[in-house]
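Just so you know, the protein sequences line up as chains C and B, in that order. Mapping the first sequence onto the numbering used here, position 29 (from 1) lands on 210, and the numbers just tick up by one. Mapping the second sequence onto the numbering used here, position 75 (from 1) lands on 259, and the numbers just tick up by one.
Rather than coming from a laboratory, the hints here were simulated on the basis of the structure. Just so it is clear, the structure is predicted and the values come from calculations on it, not from any experiment. Warning: the hint list may mix true and false statements.
[Said to hold, decoys possible] Pair ranges (Cβ atoms, derived):
{"no.": "1", "chain 1": "B", "residue 1": "E255", "chain 2": "C", "residue 2": "L294", "range": "44 to 50 angstroms"}
{"no.": "2", "chain 1": "B", "residue 1": "T235", "chain 2": "C", "residue 2": "F241", "range": "23 to 29 angstroms"}
{"no.": "3", "chain 1": "C", "residue 1": "G221", "chain 2": "B", "residue 2": "Q186", "range": "19 to 25 angstroms"}
{"no.": "4", "chain 1": "B", "residue 1": "S193", "chain 2": "C", "residue 2": "F250", "range": "34 to 40 angstroms"}
{"no.": "5", "chain 1": "B", "residue 1": "K297", "chain 2": "C", "residue 2": "E234", "range": "23 to 29 angstroms"}
{"no.": "6", "chain 1": "B", "residue 1": "K242", "chain 2": "C", "residue 2": "G221", "range": "26 to 32 angstroms"}
{"no.": "7", "chain 1": "B", "residue 1": "T239", "chain 2": "C", "residue 2": "A261", "range": "42 to 48 angstroms"}
{"no.": "8", "chain 1": "B", "residue 1": "P224", "chain 2": "C", "residue 2": "S246", "range": "40 to 46 angstroms"}
{"no.": "9", "chain 1": "B", "residue 1": "G237", "chain 2": "C", "residue 2": "Q237", "range": "33 to 39 angstroms"}
{"no.": "10", "chain 1": "B", "residue 1": "Q295", "chain 2": "C", "residue 2": "T195", "range": "45 to 51 angstroms"}
{"no.": "11", "chain 1": "C", "residue 1": "S188", "chain 2": "B", "residue 2": "G237", "range": "22 to 28 angstroms"}
{"no.": "12", "chain 1": "B", "residue 1": "Q290", "chain 2": "C", "residue 2": "R238", "range": "36 to 42 angstroms"}
[Unchecked claim] Under 7 angstroms between C-beta atoms, here's a sample of chain B residues computed to sit facing chain C:
{"no.": "13", "residue": "Y223"}
{"no.": "14", "residue": "G227"}
{"no.": "15", "residue": "L228"}
{"no.": "16", "residue": "G237"}
{"no.": "17", "residue": "A238"}
{"no.": "18", "residue": "A271"}
{"no.": "19", "residue": "K285"}
{"no.": "20", "residue": "F288"}
{"no.": "21", "residue": "Q290"}
{"no.": "22", "residue": "T293"}
The beta-carbon is built from N, C-alpha and C at its ideal position, and this holds for glycine as well.
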Amino acid sequence: DAGVTQSPTHLIKTRGQQVTLRCSPKSGHDTVSWYQQALGQGPQFIFQYYEEEERQRGNFPDRFSGHQFPNYSSELNVNALLLGDSALYLCASSWSAWGNEQFFGPGTRLTVL
Amino acid sequence: AQSVTQLGSHVSVSEGALVLLRCNYSSSVPPYLFWYVQYPNQGLQLLLKYTTGATLVKGINGFEAEFKKSETSFHLTKPSAHMSDAAEYFCAVSGSSNTGKLIFGQGTTLQVKP
């Protein structure tokens, strides 16, 4: 079992650019959640996808959007990047029947210059 | 609304000493509570969780936590610290539903001195 995988591992972008991060859930999981972890902070919930739809959303602007594919993998898109978007982006997967136990991937470190 | 407060951003213990990391929560619904560990440049690993039932929960690597509803606390303990326990620890809460949104505390850095 490969667990939750994320790509890329690191990414450097400049202000105003757009970025796409990818996540493959743990085998058997159908729900994907995304979190942003700024340096020295706890993770903050961005949104969650289930059955290819956004089920729940945290306090993040519309610049943050996502998608879930039929194979349950997911993408996080961020438009018009700001310096403050620099963070570790974590993907977590879970099984819809017991969504509270989430398994996290290693994260994508995004640096915005 | 739910929130988590971790008391102490940094905790330092000697190897072999008791580890105590404090977590208090606020929740308007029966909470599900979690402790995660994060090693440098890695994702989060689940240490233990409380959902329902027994209030003393045992996790991996010798850690345990006790859910105390009257104190709204879920402190993490380990009888004897090991050097490999040095990491960042996060307490998290979610509502007792299947939506799975986790609210995390700010984290506590555990330093273990030889």
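Cross-check of the supplied hints:
no.	hint	result
1	B/E255 with C/L294: 44 to 50 angstroms	holds (46 angstroms)
2	B/T235 with C/F241: 23 to 29 angstroms	holds (27 angstroms)
3	C/G221 with B/Q186: 19 to 25 angstroms	holds (22 angstroms)
4	B/S193 with C/F250: 34 to 40 angstroms	holds (39 angstroms)
5	B/K297 with C/E234: 23 to 29 angstroms	violated (49 angstroms)
6	B/K242 with C/G221: 26 to 32 angstroms	holds (30 angstroms)
7	B/T239 with C/A261: 42 to 48 angstroms	holds (47 angstroms)
8	B/P224 with C/S246: 40 to 46 angstroms	violated (30 angstroms)
9	B/G237 with C/Q237: 33 to 39 angstroms	violated (26 angstroms)
10	B/Q295 with C/T195: 45 to 51 angstroms	violated (36 angstroms)
11	C/S188 with B/G237: 22 to 28 angstroms	violated (38 angstroms)
12	B/Q290 with C/R238: 36 to 42 angstroms	violated (22 angstroms)
13	Y223	violated (10 angstroms)
14	G227	holds (4 angstroms)
15	L228	holds (4 angstroms)
16	G237	violated (14 angstroms)
17	A238	violated (17 angstroms)
18	A271	violated (14 angstroms)
19	K285	holds (5 angstroms)
20	F288	holds (3 angstroms)
21	Q290	holds (5 angstroms)
22	T293	violated (9 angstroms)
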